[in-house]
Amino acid sequence: MSNKIDRILLALMAVVLMALPFMASGYVIYVVNLLMVFVVLALGLHLVIGETGQFALSHAAFYGVGIYTAGLINNLWHPPFFVSIIAGGLLAAALGYLIGALALRMRDIYLALSTFAFGEAMQWVFLNWQSVTNGSNGFRISPATLFGYALVSDVKAYPFVVVIAALLLWATVALSRSQLGSAFRAVRESDIAAQAMGVNVNAIKRTAFTLSAAYAGIAGGMYTLFASFIHPESLGFQTTILILTMVVVGGIGSVRGAIAGALAFGLISELLRQALSFQEIIYGFILMGFMMFAPKGLFAGRAARRAPPPATPLPAASRAAATASKSPQRSAA
Amino acid sequence: MSTHPYLDVQGLTVKFGGLTAINGLSMQVERGHIHALIGPNGAGKSTTFNCVSRYYRPTSGSITFNGADITGKKPHEMAALGVARTFQNLELFGALSVRENALLGTYAHGANSVGKLLRPAAAEARERVEHLLERVGLADFLDTPACSLDFGRQKMLELARALAISPQLLLLDEPAAGLRNREIETLDRLLTELCERDGITVLLVEHVMQLVMSISDRITVMSFGEKIAEGTPGEVRSNPRVIEAYLGKGAAGG
Numbered sequence: 004m005s006n007k008i009d010r011i012l013l014a015l016m017a018v019v020l021m022a023l024p025f026m027a028s029g030y031v032i033y034v035v036n037l038l039m040v041f042v043v044l045a046l047g048l049h050l051v052i053g054e055t056g057q058f059a060l061s062h063a064a065f066y067g068v069g070i071y072t073a074g075l076i077n078n079l080w081h082p083p084f085f086v087s088i089i090a091g092g093l094l095a096a097a098l099g100y101l102i103g104a105l106a107l108r109m110r111d112i113y114l115a116l117s118t119f120a121f122g123e124a125m126q127w128v129f130l131n132w133q134s135v136t137n138g139s140n141g142f143r144i145s146p147a148t149l150f151g152y153a154l155v156s157d158v159k160a161y162p163f164v165v166v167i168a169a170l171l172l173w174a175t176v177a178l179s180r181s182q183l184g185s186a187f188r189a190v191r192e193s194d195i196a197a198q199a200m201g202v203n204v205n206a207i208k209r210t211a212f213t214l215s216a217a218y219a220g221i222a223g224g225m226y227t228l229f230a231s232f233i234h235p236e237s238l239g240f241q242t243t244i245l246i247l248t249m250v251v252v253g254g255i256g257s258v259r260g261a262i263a264g265a266l267a268f269g270l271i272s273e274l275l276r277q278a279l280s281f282q283e284i285i286y287g288f289i290l291m292g293f294m295m296f297a298p299k300g301l302f303a304g305r306a307a308r309r310a311p312p313p314a315t316p317l318p319a320a321s322r323a324a325a326t327a328s329k330s331p332q333r334s335a336a
Numbered sequence: 038m039s040t041h042p043y044l045d046v047q048g049l050t051v052k053f054g055g056l057t058a059i060n061g062l063s064m065q066v067e068r069g070h071i072h073a074l075i076g077p078n079g080a081g082k083s084t085t086f087n088c089v090s091r092y093y094r095p096t097s098g099s100i101t102f103n104g105a106d107i108t109g110k111k112p113h114e115m116a117a118l119g120v121a122r123t124f125q126n127l128e129l130f131g132a133l134s135v136r137e138n139a140l141l142g143t144y145a146h147g148a149n150s151v152g153k154l155l156r157p158a159a160a161e162a163r164e165r166v167e168h169l170l171e172r173v174g175l176a177d178f179l180d181t182p183a184c185s186l187d188f189g190r191q192k193m194l195e196l197a198r199a200l201a202i203s204p205q206l207l208l209l210d211e212p213a214a215g216l217r218n219r220e221i222e223t224l225d226r227l228l229t230e231l232c233e234r235d236g237i238t239v240l241l242v243e244h245v246m247q248l249v250m251s252i253s254d255r256i257t258v259m260s261f262g263e264k265i266a267e268g269t270p271g272e273v274r275s276n277p278r279v280i281e282a283y284l285g286k287g288a289a290g291g
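Same order as they appear, the protein sequences are chains A and B. Numbering follows our numbering, in which position 135 of the first sequence is assigned residue number 138; successive positions increment by one, without gaps. Numbering follows our numbering, in which position 181 of the second sequence is assigned residue number 218; successive positions increment by one, without gaps.
These are computed hints drawn from the structure, not numbers from a lab. Take the hints with a grain of salt, since some may be wrong.
[Said to hold, decoys possible] Chain A regions said to be covered by chain B (calculated; three or more residues, Cβ under 8 Å):
id : region
1  : 193-200
2  : 292-298
[What the hints assert, rightly or not] Reference listing, derived: stretches of chain B covered by chain A, where coverage requires no fewer than 3 residues with Cβ under 8 Å from a Cβ of chain A:
id : region
3  : 130-136
4  : 218-228
5  : 231-244
6  : 248-255
Idealized CB from N, CA, C, for every residue including glycine.
All chains, full assembly: derive it from the sequences and hints.
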């Protein structure tokens, strides 16, 4: 995100976000709070799918872990809110680390299916662990506090939500420019070649899962800053798909794509809630439209967009040759 | 220089299920040499190569590099030991720029702590990489995605990326395959220079005899998983067993 347009867009966004509380109603602030949560969710999924190329379909589960952990800790002990948020982020990260083990054994559609199964299992846990989550009834959470200052409304929570989102955006950009970011992309492009560069592919995959889950957990904590009630309804596959849509339609592999996708689809899904029964249908048509007319997303990674078709057949075949045919003897990496 | 060989392969056997791909191969590569591994298709060259680079695990046998047993090493541990490799059918990071591809070569030495990992590659590394890319003729393509280079340049990029590792031992799997004559000549010059000026030891698997005969100090010939000959290009060229392996029985008679 180094070019001029990005800077101007960022500055513009900052101005709008700063001016908003003085000119908008509570509902608009609520929606922006929600959009900030979506931005963080999308950034987290961008790390694991966009940067590292690992198809993890369990993002809503980590989001839920963040929501419940932060909400429960808040209700039990009323610590400064950042403590509950960090706790939610850490627990989600720990779970992400464990689930990352799946990525060491499988790839592509198999990984997608198994992480999907994990996501579904977690929703079942949210729904049925009565003593902790109160099942489908959910529970009320008392306002988050910071040293006696209670965030009783959307407007009061707003600055904190925005600052957390901004911090994580900064972290994502820094990460993407770091050598760890390069290692993520190397694993995405060719894990065989990545190994030859000295990249510990397994460790990198696990790191990506862990970080991605931490982002989702923190997003859950952000949600508890302005929500007064939590229930498991929106923590299933639908939400994972919504976040996936943000990342893919925004432009897979690019930070600005993830943000644009989060803003656009967060807004669309919120607006469509008024349409009730038509919601899914309209949403489906919008999605199909994007896939037909902008298959690489609104902000496809610059390389992907500029690249003409390869002059010669590229590595796909060799990858198969190097991994599949002689796999029994391959060193366990 | 020490008395033991730089790269020492002893009794290497690789079995894929019931198929014996390599049967008790022993070979030594001397420091500073360009050593070629040749043989007809299916002779086990690439398998040997993949054992040395640790991508395959041998059924039995040992591999020693620079005095240390590397038989149990993982592929990602080789770069830090100073062993770089290229791939038979190219394994570039397609969507990444030429520069980022080559910069990843500096990863093993430049990102070996959490602090470094979380920072961009160091300025010296960037400079060195640009210099390397210039050396292989890619100075004008630094920001081009690797996948949109033509085939010859992709091969050169893979070589530059391997060199960015600062290897002591460079493993090249068919570097000349698919290259045009002019490109092979460039490769010839470059490899000779790497060996003589930079002191890099090279082990290459190659079918392009023009290159093999021109640059190799020593050649090991394999056929059906076994070593059938070894020596200088001149010795190997006139060895009847080699001629037989390539051209069939009777061809060596004349």
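Outcome of the hint check:
Interface restraint, the region 193-200 of chain A with chain B: holds (7 residues with C-beta to C-beta distance below 8 Å; minimum three). Chain B is given as covering the region 292-298 of chain A, and this is violated because 0 residues of the stretch bring a CB closer than 8 Å to a CB of that chain, at least three being needed. Only residues whose C-beta sits within less than 8 Å of a C-beta in chain A count toward coverage, and the region 130-136 of chain B has 5 of them, enough to reach three; the restraint holds. Counting residues of the region 218-228 of chain B whose C-beta sits closer than 8 Å to any C-beta of chain A gives 0, which falls short of three, so the coverage hint is violated.
Counting residues of the region 231-244 of chain B whose CB lies closer than 8 Å to any CB of chain A gives 0, which falls below the minimum of 3, so the coverage claim is violated. Counting residues of the region 248-255 of chain B whose beta carbon lies closer than 8 Å to any beta carbon of chain A gives 0, which falls short of the minimum of three for the stated coverage.
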